[in-house]
Amino acid sequence: MTRRPDRTGAERASNSLQLDEIIALYVGKILNDPLPVALVHDHHPMVPRSTLEAGFRLTLHGLDSETLHGHLKMLKAEAKREAVRGKR
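Numbering (my numbering), first residue to last: 27 to 114.
It is possible that part of the hints are untrue.
In silico lysine-lysine, DSS-like type, Cα no more than 30 angstroms apart, as pairs [unchecked claim]:
| # | residue 1 | residue 2 |
| --- | --- | --- |
| 1 | 113 | 99 |
| 2 | 102 | 55 |
| 3 | 113 | 102 |
| 4 | 55 | 99 |
| 5 | 106 | 55 |
| 6 | 55 | 113 |
Here are the simulated distance ranges between beta carbons [stated by the list, open to error]:
| # | residue 1 | residue 2 | range |
| --- | --- | --- | --- |
| 7 | 79 | 101 | 17 to 25 angstroms |
| 8 | 52 | 103 | 38 to 46 angstroms |
| 9 | 81 | 44 | 12 to 20 angstroms |
| 10 | 104 | 78 | 35 to 43 angstroms |
| 11 | 81 | 51 | 24 to 32 angstroms |
The set of hints was computed from the structure by calculation and includes no laboratory data.
We treat Cβ as the ideally placed atom computed from N, Cα and C, and that holds for glycine.
Build the full structure now, drawing on both the sequences and the hints.
Shown next as structure tokens:
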């Protein structure tokens, strides 16, 4: 029987709702900015919540991801404006 190698954190996270938090951590490190991590924060309670709350948690998950995406778009637009000003 061949033993399967351990998966990395990124592989595990890609199959769960934690992927957005992992990406926010990477973005925060790349930009040297703590804001992306603050925008996306998945709570991992000691006592799991009811499956009846899954819809609410998925909604928050989507909102967090969209907020991070909007922040990155804003930074990109700001960088473009700065580049145009620098060419003048």
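Status of each hint after checking the structure:
1. Our distance criterion of 30 angstroms between C-alpha atoms is met by residue 113 and residue 99, whose separation comes to about 21 angstroms.
2. Annotation: proposed proximity of residue 102 to residue 55 holds, straight-line Cα distance about 17 angstroms (limit 30 angstroms).
3. Between the alpha carbons of residue 113 and residue 102 the distance comes to roughly 17 angstroms, so the proposed pair stays at or under 30 angstroms and holds.
4. Proposed proximity of residue 55 and residue 99 is supported: the alpha carbons are some 17 angstroms apart, at most 30 angstroms.
5. Proximity of residue 106 to residue 55 is assessed by CA-CA distance (about 21 angstroms); at most 30 angstroms being required, the pair is judged to hold.
6. At roughly 29 angstroms between alpha-carbon atoms, residue 55 and residue 113 fall within 30 angstroms of each other, so this suggested pair holds.
7. Taking 17 to 25 angstroms as the suggested C-beta distance range, the pair residue 79 and residue 101 does not conform, at roughly 33 angstroms.
8. Residue 52 and residue 103 have their C-beta atoms about 21 angstroms apart, which leaves the hinted 38 to 46 angstroms range violated.
9. Separation of residue 81 from residue 44 is about 18 angstroms and conforms to the stated range, judged on CB atoms against 12 to 20 angstroms.
10. Evaluation of the 35 to 43 angstroms hint for residue 104 and residue 78 yields a pass: the beta carbon distance comes to about 42 angstroms.
11. Between residue 81 and residue 51 the beta carbon distance is about 26 angstroms. The supplied range of 24 to 32 angstroms therefore holds.
Violation of the numbered hints given earlier is confined to hints 7 and 8; the remaining hints are satisfied by the structure.
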